[in-house]
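Peer 1: Below are the chains, spelled out letter by letter.
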Amino acid sequence: MTYVVFGLFGILTLGGGILVVTSRNLVRAAASLVLSFFGIAGLYVLLEAGFMAAAQILIYIGAIAILIIFAVMLTQRVAAGNRVAMNSQWPWALLVSALTFALLVYIINIVWPLGIRAENVPVLAADPTRGLGMALVDWGQYVLPFEVASILLLGAMVGSIFIAREQHDD
Amino acid sequence: MVPLSWYLITSALLFCIGLYGVFARRNAVAVLMSIELMLNAVNLNLVAFWRFQTPTRPVGLAFAVFVLVVAAAEAAVGLALILSIYRQRKHIVVEDLDLLKL
Amino acid sequence: MLQDYVLIGLLFVVASALPISAIVFGSILGPRKPNRIKNDTYECGMETMGPTWVQFKVQYYIFALVFVIFDIEMVLLFPIAAAFDVLPIYAVVEAAIFILILAAALAYAWKKDALEWF
Amino acid sequence: MDSFEIANLFYSIGQVWTEWLTNLGLSPEWLSFTNKAMGAVLLTALPVMIVCVTIMGERKIIGRFQDRLGPNRVGPCGVLQTIPDIFKLLTKEIITPTKVDKVMYNLAPMLSVVSVILIWAVIPLASNVVGVDLEIGALYFVAVSSFGTLAVLMAGWSSNNKYALISAFRGVAQLVSYEVPLVLTLLIPVLLAGTMRLNGIVEAQAQGWYVLLAPISMLIFFISSTAEVGRSPFDLLEADSEIVAGFNIEYSGMRFAMFFLGEFIHAFTFCGVIATLFFGGWRGPFVDQAPALGFLYFLIKMFAIYFVHIWIRITMPRLRIDHMLNLSWKFLIPLSLVNLVVMSLAAKLVQTPAMDATLWQLLPRWGILLGTNMVMIAGTFMILGTVSRRERHKQEAARVLEPVASGIQG
Numbered sequence: 000m001t002y003v004v005f006g007l008f009g010i011l012t013l014g015g016g017i018l019v020v021t022s023r024n025l026v027r028a029a030a031s032l033v034l035s036f037f038g039i040a041g042l043y044v045l046l047e048a049g050f051m052a053a054a055q056i057l058i059y060i061g062a063i064a065i066l067i068i069f070a071v072m073l074t075q076r077v078a079a080g081n082r083v084a085m086n087s088q089w090p091w092a093l094l095v096s097a098l099t100f101a102l103l104v105y106i107i108n109i110v111w112p113l114g115i116r117a118e119n120v121p122v123l124a125a126d127p128t129r130g131l132g133m134a135l136v137d138w139g140q141y142v143l144p145f146e147v148a149s150i151l152l153l154g155a156m157v158g159s160i161f162i163a164r165e166q167h168d169d
Numbered sequence: 000m001v002p003l004s005w006y007l008i009t010s011a012l013l014f015c016i017g018l019y020g021v022f023a024r025r026n027a028v029a030v031l032m033s034i035e036l037m038l039n040a041v042n043l044n045l046v047a048f049w050r051f052q053t054p055t056r057p058v059g060l061a062f063a064v065f066v067l068v069v070a071a072a073e074a075a076v077g078l079a080l081i082l083s084i085y086r087q088r089k090h091i092v093v094e095d096l097d098l099l100k101l
Numbered sequence: 000m001l002q003d004y005v006l007i008g009l010l011f012v013v014a015s016a017l018p019i020s021a022i023v024f025g026s027i028l029g030p031r032k033p034n035r036i037k038n039d040t041y042e043c044g045m046e047t048m049g050p051t052w053v054q055f056k057v058q059y060y061i062f063a064l065v066f067v068i069f070d071i072e073m074v075l076l077f078p079i080a081a082a083f084d085v086l087p088i089y090a091v092v093e094a095a096i097f098i099l100i101l102a103a104a105l106a107y108a109w110k111k112d113a114l115e116w117f
Numbered sequence: 000m001d002s003f004e005i006a007n008l009f010y011s012i013g014q015v016w017t018e019w020l021t022n023l024g025l026s027p028e029w030l031s032f033t034n035k036a037m038g039a040v041l042l043t044a045l046p047v048m049i050v051c052v053t054i055m056g057e058r059k060i061i062g063r064f065q066d067r068l069g070p071n072r073v074g075p076c077g078v079l080q081t082i083p084d085i086f087k088l089l090t091k092e093i094i095t096p097t098k099v100d101k102v103m104y105n106l107a108p109m110l111s112v113v114s115v116i117l118i119w120a121v122i123p124l125a126s127n128v129v130g131v132d133l134e135i136g137a138l139y140f141v142a143v144s145s146f147g148t149l150a151v152l153m154a155g156w157s158s159n160n161k162y163a164l165i166s167a168f169r170g171v172a173q174l175v176s177y178e179v180p181l182v183l184t185l186l187i188p189v190l191l192a193g194t195m196r197l198n199g200i201v202e203a204q205a206q207g208w209y210v211l212l213a214p215i216s217m218l219i220f221f222i223s224s225t226a227e228v229g230r231s232p233f234d235l236l237e238a239d240s241e242i243v244a245g246f247n248i249e250y251s252g253m254r255f256a257m258f259f260l261g262e263f264i265h266a267f268t269f270c271g272v273i274a275t276l277f278f279g280g281w282r283g284p285f286v287d288q289a290p291a292l293g294f295l296y297f298l299i300k301m302f303a304i305y306f307v308h309i310w311i312r313i314t315m316p317r318l319r320i321d322h323m324l325n326l327s328w329k330f331l332i333p334l335s336l337v338n339l340v341v342m343s344l345a346a347k348l349v350q351t352p353a354m355d356a357t358l359w360q361l362l363p364r365w366g367i368l369l370g371t372n373m374v375m376i377a378g379t380f381m382i383l384g385t386v387s388r389r390e391r392h393k394q395e396a397a398r399v400l401e402p403v404a405s406g407i408q409g
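Protein chains in written order, with numbering that gives the first Met the number 0: chain A, 0 to 169; chain B, 0 to 101; chain C, 0 to 117; chain D, 0 to 409.
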């Protein structure tokens, strides 16, 4: 049963991904991106990371996807459906990605052999989300990256507002 | 449970799809979307490793959350740059953006 | 843990079955006499002029952008709020610093008139 | 003995149901699955049934407010008006305009209904009656409602209509702006209860409803939820005088009805969430003896809050878009940020009392939290007063200089 659900979400993720890189209509591509994100959220649920799944939906689908759709609409002059989507080097790109994939599969197969079924998976901590919350503000753990994250967000916001703003003369 | 390697393969495949998109798409927004796919693949890896290797400590989760932060910052700044370029040059075809070559 | 989400999955299926069946019923019961005018885009009886996918102003993007930043912040705060009862006081202060840095970002956006609707 | 039977109402129904299924020869796994499927069907049916009642009630109430009768033809006092309405919508022609993007056009109304029904999975209906008591309940609620934004955008884009797209863009700007204060204040019940489980939040309110401990949070949450569901005075999405009818203009018949249904369910679902987070959910007198009463209390609270919604809807005129955005970004968000910082520090000052704390042990916590809120309210009013006085002076000065007022374009 879990395998069926895994397959479903896997197909959603990968199918969405393939549509993203192939579809000519950029809004369609963004919609497929949402599909792909949703698939990933499903995979997180299967990994018992409910917090990550919710964060995935909230941030990627609820915020980043909308940002991307806005950007698409702001940069598309006419419904640019019939322009060429790929550049001239796409066969090379395909080759490179295929080789990368082969390499990754090779490595994964060495360390975590594909045929082996998951036996005795370790048990989850009682409440991982609370654990994460404690770790984020713990001196010994992630408090520095946590505060740096807020500075990064501050920087990103200041920078992108500065860049994106239309220059008003007044 | 589904074994770890399956998640890793899914994630690797997604990463390679994203890689292909980054190399092959002409539109800058599409390139950015492909980058988001790659970041997602990384995150999937992190969460899968967390679940199978260190489920009692929130290491993987914390890293995945920080990847989320970086992804959001990247999307915001990247798209702002694209908008700004679009305003100046009226197109966002990546291979024609060779300002530095002149 | 995984069992919890079974119900949500089922609810998703049932909840999507509701609008699907309603629309299917509606299309069975309702009349179907399409014509060119009726199927045209509705713009108060006027002919559609120019391309429909018009361009929009950048202001929309800026709102979405500030939202993305705040969204991330809130997601980071949720696990901390959930663990609030066991946190020491300095941890709360750290979270407060985190919030204040983001408030500075909001103040910047405000100062630069990025939040104005022109 | 009467109350005893009521006490075990849900339990006994569950017992009978389980016994019946076991006699049919179901294995435990399938039994659990069947129960969950049953739960899913019930959770879908419940909001739809509530809609049928509320639409009717709302029309009657609005009629009374506006000094007219409201629907009064079908059934006694017109209470059955909804049934012919449903049939009317069912027999309407469903028009699919030729230039739409078919996939997204059909997906959007579905998504708008599904996203709100999914919220019901985590709302605790009575002490032990909840779809799933998710560990991340509060976050799940926010995550699921963000699908609604997507539905608006999809409907607007796929319709291939300028007005629909403009409305969708405005709508997304609105939804996105008000999601920030909504979620920021949602954090306060979570941190006061120390859990994201919605049932846990309700149980923690045995020590006083959070509306008493955090009234500011309740107000912010209420205002931003009004905007999130697009109710008046925030109904700019379908400002019929400005943009023909909103993002769903190209929809007709049952497809349009689905948007309508989604919007209605959304409205009182948020009322249910407010009741859960701030008004003690299923809590009330004698609820420990008779858990079934909890459902009644929940419904009463939900409808009471919904009544306030209706009241505001018929009293307030629609806001202009720049005012609406300013209200969120320049008032609600700064206020909720301050509220969050101050409340978290104040709540940390007094340790969370044990579950069996007496009234006297609870008093300091109540006093400090409520006092902090009062101080914040006073401060807000002072700042608002100063700002508005300054603004008034500025405008008066401007009027002397330039007699022609220049309008702001939305």
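If you're looking for bench data, these hints aren't it; they were derived computationally from the structure.
Treat the hints with caution; some may be incorrect.
[To be verified] Computed, partial: chain C to chain A, Cβ under 10 Å:
id, residue
1, 3
2, 19
3, 22
4, 23
5, 24
6, 28
7, 67
8, 72
9, 80
10, 81
11, 87
12, 91
13, 104
14, 116
[Unchecked claim] Here are the computed distance ranges between Cβ atoms for each label pair:
id, chain 1, residue 1, chain 2, residue 2, range
15, C, 99, A, 112, 43 to 53 Å
16, B, 96, A, 90, 21 to 31 Å
17, D, 298, A, 125, 48 to 58 Å
[What the hints assert, rightly or not] Derived, one-sided and incomplete: chain C residues facing chain D with beta-carbon distance under 7 Å:
id, residue
18, 25
19, 73
20, 76
21, 96
22, 100
23, 102
Even glycine gets a Cβ: it sits at the ideal position worked out from N, Cα and C.
Peer 1: Provide an ascending list of the numbers of those earlier hints which the structure does not satisfy.
Peer 2: 2, 3, 4, 5, 6, 14, 17, 21 and 22
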